[in-house]
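**Q** Got chain A sorted already, so can you dock chains B, C and D with the ligands onto it with the hints?
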Amino acid sequence: MTHLQVELPGLKLKNPLMPASGCFGFGKEYSKFYDLSLLGAVIMKAATGEERPGNATPRVAETNSGMLNAIGLQNPGVDRIINEEVPFLANYDTAIIANIAGSTVEEYEEVAAKFNLTRNVHALELNISCPNVKEGGIQFGTDPEMAKHVTEKVKQASDKPVYVKLSPNVSDIVAMAKAVEEAGADGLTMINTLTGMQLHLPSKRPLIANKTGGLSGPAIKPIAVRMIYEVKQAVNIPIIGMGGIQTAEDVLEFLLAGASAVAVGTANFQNPLILPELISELPKVLQKYGFSSVEEAIGKAVTG
Amino acid sequence: MTHLQVELPGLKLKNPLMPASGCFGFGKEYSKFYDLSLLGAVIMKAATGEERPGNATPRVAETNSGMLNAIGLQNPGVDRIINEEVPFLANYDTAIIANIAGSTVEEYEEVAAKFNLTRNVHALELNISCPNVKEGGIQFGTDPEMAKHVTEKVKQASDKPVYVKLSPNVSDIVAMAKAVEEAGADGLTMINTLTGMQLHLPSKRPLIANKTGGLSGPAIKPIAVRMIYEVKQAVNIPIIGMGGIQTAEDVLEFLLAGASAVAVGTANFQNPLILPELISELPKVLQKYGFSSVEEAIGKAVTG
Amino acid sequence: MRKIKMRLLQIREIAKDTIEMKLEDDYITKVANPGQFISIALPNHTLPRPISIADIDRENGEITLLFKIMGKGTDTLAGFIPGTEVDCFGPNGNGFPLDSGQVDKVLLIGGGIGVPPLYYLGKRLEEQGIEVKSILGFQSGKYVFYEKKFESLGETIIVTDDGSYGMKGFVTDAVNIIPGFDAYYACGPTGMLRALTEQMKNKTGYISLEERMGCTVGACAACVIPTATEGSYKKICHDGPVFAAEEVML
Amino acid sequence: MRKIKMRLLQIREIAKDTIEMKLEDDYITKVANPGQFISIALPNHTLPRPISIADIDRENGEITLLFKIMGKGTDTLAGFIPGTEVDCFGPNGNGFPLDSGQVDKVLLIGGGIGVPPLYYLGKRLEEQGIEVKSILGFQSGKYVFYEKKFESLGETIIVTDDGSYGMKGFVTDAVNIIPGFDAYYACGPTGMLRALTEQMKNKTGYISLEERMGCTVGACAACVIPTATEGSYKKICHDGPVFAAEEVML
Ligand SMILES: Cc1cc2nc3c(=O)[nH]c(=O)nc-3n(C[C@H](O)[C@H](O)[C@H](O)COP(=O)(O)OP(=O)(O)OC[C@H]3O[C@@H](n4cnc5c(N)ncnc54)[C@H](O)[C@@H]3O)c2cc1C
Ligand SMILES: Cc1cc2nc3c(=O)[nH]c(=O)nc-3n(C[C@H](O)[C@H](O)[C@H](O)COP(=O)(O)OP(=O)(O)OC[C@H]3O[C@@H](n4cnc5c(N)ncnc54)[C@H](O)[C@@H]3O)c2cc1C
Ligand SMILES: Cc1cc2nc3c(=O)[nH]c(=O)nc-3n(C[C@H](O)[C@H](O)[C@H](O)COP(=O)(O)O)c2cc1C
Ligand SMILES: Cc1cc2nc3c(=O)[nH]c(=O)nc-3n(C[C@H](O)[C@H](O)[C@H](O)COP(=O)(O)O)c2cc1C
Ligand code: FES
Ligand code: FES
Chain A
1 MTHLQVELPG
11 LKLKNPLMPA
21 SGCFGFGKEY
31 SKFYDLSLLG
41 AVIMKAATGE
51 ERPGNATPRV
61 AETNSGMLNA
71 IGLQNPGVDR
81 IINEEVPFLA
91 NYDTAIIANI
101 AGSTVEEYEE
111 VAAKFNLTRN
121 VHALELNISC
131 PNVKEGGIQF
141 GTDPEMAKHV
151 TEKVKQASDK
161 PVYVKLSPNV
171 SDIVAMAKAV
181 EEAGADGLTM
191 INTLTGMQLH
201 LPSKRPLIAN
211 KTGGLSGPAI
221 KPIAVRMIYE
231 VKQAVNIPII
241 GMGGIQTAED
251 VLEFLLAGAS
261 AVAVGTANFQ
271 NPLILPELIS
281 ELPKVLQKYG
291 FSSVEEAIGK
301 AVTG
Chain B
1 MTHLQVELPG
11 LKLKNPLMPA
21 SGCFGFGKEY
31 SKFYDLSLLG
41 AVIMKAATGE
51 ERPGNATPRV
61 AETNSGMLNA
71 IGLQNPGVDR
81 IINEEVPFLA
91 NYDTAIIANI
101 AGSTVEEYEE
111 VAAKFNLTRN
121 VHALELNISC
131 PNVKEGGIQF
141 GTDPEMAKHV
151 TEKVKQASDK
161 PVYVKLSPNV
171 SDIVAMAKAV
181 EEAGADGLTM
191 INTLTGMQLH
201 LPSKRPLIAN
211 KTGGLSGPAI
221 KPIAVRMIYE
231 VKQAVNIPII
241 GMGGIQTAED
251 VLEFLLAGAS
261 AVAVGTANFQ
271 NPLILPELIS
281 ELPKVLQKYG
291 FSSVEEAIGK
301 AVTG
Chain C
1 MRKIKMRLLQ
11 IREIAKDTIE
21 MKLEDDYITK
31 VANPGQFISI
41 ALPNHTLPRP
51 ISIADIDREN
61 GEITLLFKIM
71 GKGTDTLAGF
81 IPGTEVDCFG
91 PNGNGFPLDS
101 GQVDKVLLIG
111 GGIGVPPLYY
121 LGKRLEEQGI
131 EVKSILGFQS
141 GKYVFYEKKF
151 ESLGETIIVT
161 DDGSYGMKGF
171 VTDAVNIIPG
181 FDAYYACGPT
191 GMLRALTEQM
201 KNKTGYISLE
211 ERMGCTVGAC
221 AACVIPTATE
231 GSYKKICHDG
241 PVFAAEEVML
Chain D
1 MRKIKMRLLQ
11 IREIAKDTIE
21 MKLEDDYITK
31 VANPGQFISI
41 ALPNHTLPRP
51 ISIADIDREN
61 GEITLLFKIM
71 GKGTDTLAGF
81 IPGTEVDCFG
91 PNGNGFPLDS
101 GQVDKVLLIG
111 GGIGVPPLYY
121 LGKRLEEQGI
131 EVKSILGFQS
141 GKYVFYEKKF
151 ESLGETIIVT
161 DDGSYGMKGF
171 VTDAVNIIPG
181 FDAYYACGPT
191 GMLRALTEQM
201 KNKTGYISLE
211 ERMGCTVGAC
221 AACVIPTATE
231 GSYKKICHDG
241 PVFAAEEVML
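Protein chains in written order, with my numbering: chain A, 1 to 304; chain B, 1 to 304; chain C, 1 to 250; chain D, 1 to 250.
Simulated from the structure, these hints should not be mistaken for lab results.
Be a bit skeptical, because a hint or two may be false.
[What the hints assert, rightly or not] Cβ-Cβ distance ranges computed for the label pairs, FRET-style:
# : chain 1 : residue 1 : chain 2 : residue 2 : range
1 : C       : 83        : D       : 182       : 52 to 60 Å
2 : A       : 290       : B       : 56        : 21 to 29 Å
3 : A       : 172       : C       : 232       : 39 to 47 Å
4 : A       : 37        : C       : 72        : 34 to 42 Å
5 : C       : 83        : B       : 87        : 57 to 65 Å
6 : C       : 83        : D       : 16        : 25 to 33 Å
7 : B       : 303       : C       : 231       : 27 to 35 Å
8 : D       : 7         : A       : 236       : 55 to 63 Å
For each residue, glycine too, the CB sits at the ideal point set by N, CA and C.
Same shape as in the complex, but just chain A:
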């Protein structure tokens, strides 16, 4: 019997698998494919203070073993998310994590405060790293001082555990992780996308209307694993890992590198059943490599 349970601040996960923010909407679409109660948790799409229309289209492009996206935080705003989306997800036996974003520290605080009053939301994921927001998101994510500041403010605005989502577009990921740990973060999620671009040869212009987009998918997996491995050695808060996961072996690789749970984003698009498939395959893979539980595997590559 392989134990898949993992306990993290605010989250009792029946298994370590969840969809990554922005790749799963608010769950409705994938609920047509399978029972969301199978999932360890669901991370919702980013919520901002007001409704946002997002960027112009095209918003996505395929790349080698990856994709670029510049959705631009399109979302109906925190109030409608709380009133229309959370109740749907709350029907399922799974943890709910709200991803919060904003252009200003005040907006982050406001959104956090609203989710704080939402019974069925178990934890917050602080998206300080969305590369597609022009007004400031990117600075929060690449400057340790700003990251620290916004984390502190959100911690004050909320009693729910706060997981800070780190951007990989930095010279020193460990400095970022330490800064937000110091600010009181309960956990980290990493990594967000790397900023990239694809040109459309016929028009000689960037294919994505926003010009740049965030690179995700298997292409970035080695960067995610490296960053998690480095951060795991420097902080004492748990990490939810993500970036290119598409097989149960990948899940184990992230656990070994130091992740306590993992999120799957891009891989949902090619295979809407990827999450239940990985959940059912994980026990076999853990066993194959000598583990009888997820907990046992966490950080094994770091601690030996």
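**A** Leaving out everything else, chains B, C and D with the ligands in the frame of chain A:
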């Protein structure tokens, strides 16, 4: 008739294609496959002051659409390169670029000074971004002040044009580019590899002996294109672009983004004839998208 | 909506770069409506390819797809051999409205690779006793396909950009020739749809749209289109691909 | 060294997870020596797969490769069907010394998927009138292959880790049984080669090494091995894969 010639500081290239440093040794091996005179230029493997043994093995790993390497600057030292390797390459009608590396600013100066006296070397590529050197290479590449300093010193030590090779492992690539331009760099080459890691599940350890390695190949292409596009708008010195090129369309994409010439690294490994193949396909691709010369395409996505 | 494997039965080039595939399937054929699409997951790709349902043979559990080779993905797909199990999911999207009631005569207007979904639509409309006429536009003669099939549904005008086959011009030029129809159904490049909806402002029309997609199921917000209501967006993969002509801003 | 396409003629599983491929080729068959390898470029991979030449039929222009399914690349390769054009380049590396002169009796020692290159070596040595004996080690009975073929060259001892076939133990246990040979040629896992070279310090021996490779031609310095000379390295793909036993430090 499509004009492939490009003129860059110190380099009259008959076409914009050359092998990337470290992926082509000093040319001997690939000279068994084709006539090196076909190439626009050859960038040699990194040279250091003394011979270096490099890292322990394994030194490479395959990743999705990419690979990791941690060779660790293994090379016979600048003197033997000048005496044994440059003369071989000088037999061919192609430009020769020497890639120089070091652990200290003094070592960079020493190596640059020696190549400065080597008649057949046309330009220097300053490798301040090799992620596999422990003693300091990585700091040079991620700190604008240090990058500026080492560039200035090398410029003083050499009359040959200096191309500074930028690391993508930074929060702000434009700041790095501007710093080295200010320091007198004649051109930029970008990008070097992104730091990544792969775990070997049976041993639960990093597969590469050095733990981390540099990620190259098509996986990183969108990051390279984005960085070149951004830097092109901020500096006035030419860029030699690289990172995941494997088709003639990729070459054009790099030119449009702002590269004046391109280097091909990883793609040589799967296809030793990739460079001559790209050189022969490029005219067709240029024509297809309405260009009658390489010069015309350079930076078109930026300037419109 | 399900994830399924469809066995490829037959594949052939029916016009330049235009491939017709027949696949065995016992789920989509039962539930899908004209205008819906399926998503094809290709090996070594990260994004699924949305392809419209061109025809369905419910009895034999056979689905027809028509696609044009446009890039790496469709090129790979074109190389599949009979017997291949193709990874798909769907049916996705809403499809064309079939039971509008007061419609007696409809006009189908297709441009290039926008033609396929109109064929299955036409068949289903004709089954309901509705009179179907079609205008199909192509780049040039060598790209023309399914002319006979559309003719079996009703009067069909072929238009080519260069006049190398049928009438020279655009589908918008041909629309005036067809008198009296109650509604039009169109699918094709956005430029064509823009011109068309402008030209037929006071007609009831339904148009099927395309956009680059991520998830193809409504979860990622990649494929939005602004609606006529200021600041509001719809997801083409989920709320479309078919929209009432006046509903969206092209 | 050339880049070539070889047409796959035949492919079959000759032992558990062990595939034998016969390919048509008119270049490698003419120039390659035993112990050399070829590099196979697989679609959707960034690194070539080095595979030793297991046999060559010069007359018919046929080359034999034997490989074990170890990961994604060899799994893809195992799925190739006859007629496939396989992208290769080579021959790479140096090969075993064939004309050492004073050698009358040789011992071939192979471990697992290190066995293949020894077969073509044995055939060529035997052609020169040299007496060939072999010790072949495998994990277990179901992995054993080419026993008959090696027996046709001379006495052959099969050893399995678990004793499920042949002698139980390691190849090092079997070495003592074979009396009087002038040189040994070995290929197999590094652990085996280390034990073997230690055990046979005072014998002339040649060993073929493996390492993870980048370019496979000597250009990238991925595949180095320290030599007996302090601080010095050789490239396995270029200076090897065959080395005199005392030349390298395992
Ligand atoms: C709802 C819908 C229905 C469609 N039905 C058909 C059909 O029946 N027959 C047909 O030939 N084509 C159809 N298309 C267009 C088809 O999906 C694209 O031509 C195809 O995805 C191109 O893939 P590629 O790999 O060959 O091209 P690439 O350019 O290599 O593809 C790269 C990426 O861009 C996307 N992409 C490229 N062009 C388009 C496009 N025009 N629309 C949407 N995504 C695109 C691809 O899906 C992929 O993610 C439809 C598109 C949509 C949105
Ligand atoms: C000179 C030489 C000759 C060889 N001859 C044979 C042979 O005749 N038959 C045979 O079955 N195998 C042989 N091998 C080993 C064979 O190359 C690997 O088993 C194969 O590359 C594994 O690829 P994969 O994609 O299945 O495994 P993966 O683990 O998915 O491969 C990932 C990467 O690791 C490399 N790799 C993995 N294992 C090895 C290994 N043991 N040695 C070198 N690279 C490795 C691959 O080339 C690839 O770059 C030889 C290796 C070398 C160096
Ligand atoms: C289409 C798309 C939309 C995304 N939107 C968000 C978002 O709203 N908030 C966020 O924190 N991350 C967002 N991400 C990043 C993912 O949550 C994840 O960190 C990243 O994609 C890496 O994981 P993957 O490789 O499994 O996709 C988005 C990613 C994609 C592909
Ligand atoms: C095996 C290997 C060795 C490399 N060695 C060097 C080096 O010595 N000096 C250097 O500046 N870059 C080195 N690089 C980086 C390449 O020159 C190039 O910047 C990078 O690989 C991106 O290009 P690519 O994707 O075409 O390989 C090396 C890359 C590889 C794969
Ligand atoms: S493609 Fe994801 S919402 Fe339409
Ligand atoms: S693999 Fe490149 S030197 Fe051996």
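**Q** It remains to establish, for every hint, whether it holds in the given structure.
**A** Here is what the structure says about each hint:
For the pair residue 83(C) and residue 182(D), the beta carbons lie near 55 Å from each other, so the given range of 52 to 60 Å is met. Residue 290(A) and residue 56(B) have their C-beta atoms about 25 Å apart, which keeps the hinted 21 to 29 Å range intact. The hint said 39 to 47 Å for the Cβ distance between residue 172(A) and residue 232(C), and at roughly 42 Å that hint holds. The given range of 34 to 42 Å is respected by residue 37(A) and residue 72(C), whose C-beta atoms sit roughly 38 Å from each other.
Here the CB-CB span from residue 83(C) to residue 87(B) is close to 58 Å, well matched to the stated 57 to 65 Å. The given range of 25 to 33 Å is respected by residue 83(C) and residue 16(D), whose C-beta atoms sit roughly 27 Å from each other. One distance hint, 27 to 35 Å for the beta-carbon pair residue 303(B) and residue 231(C), holds here, with the actual separation near 33 Å. The supplied range of 55 to 63 Å is met by residue 7(D) and residue 236(A), whose beta-carbon atoms lie about 59 Å from each other.
Going through the hint list in order, the structure satisfies each hint without exception.
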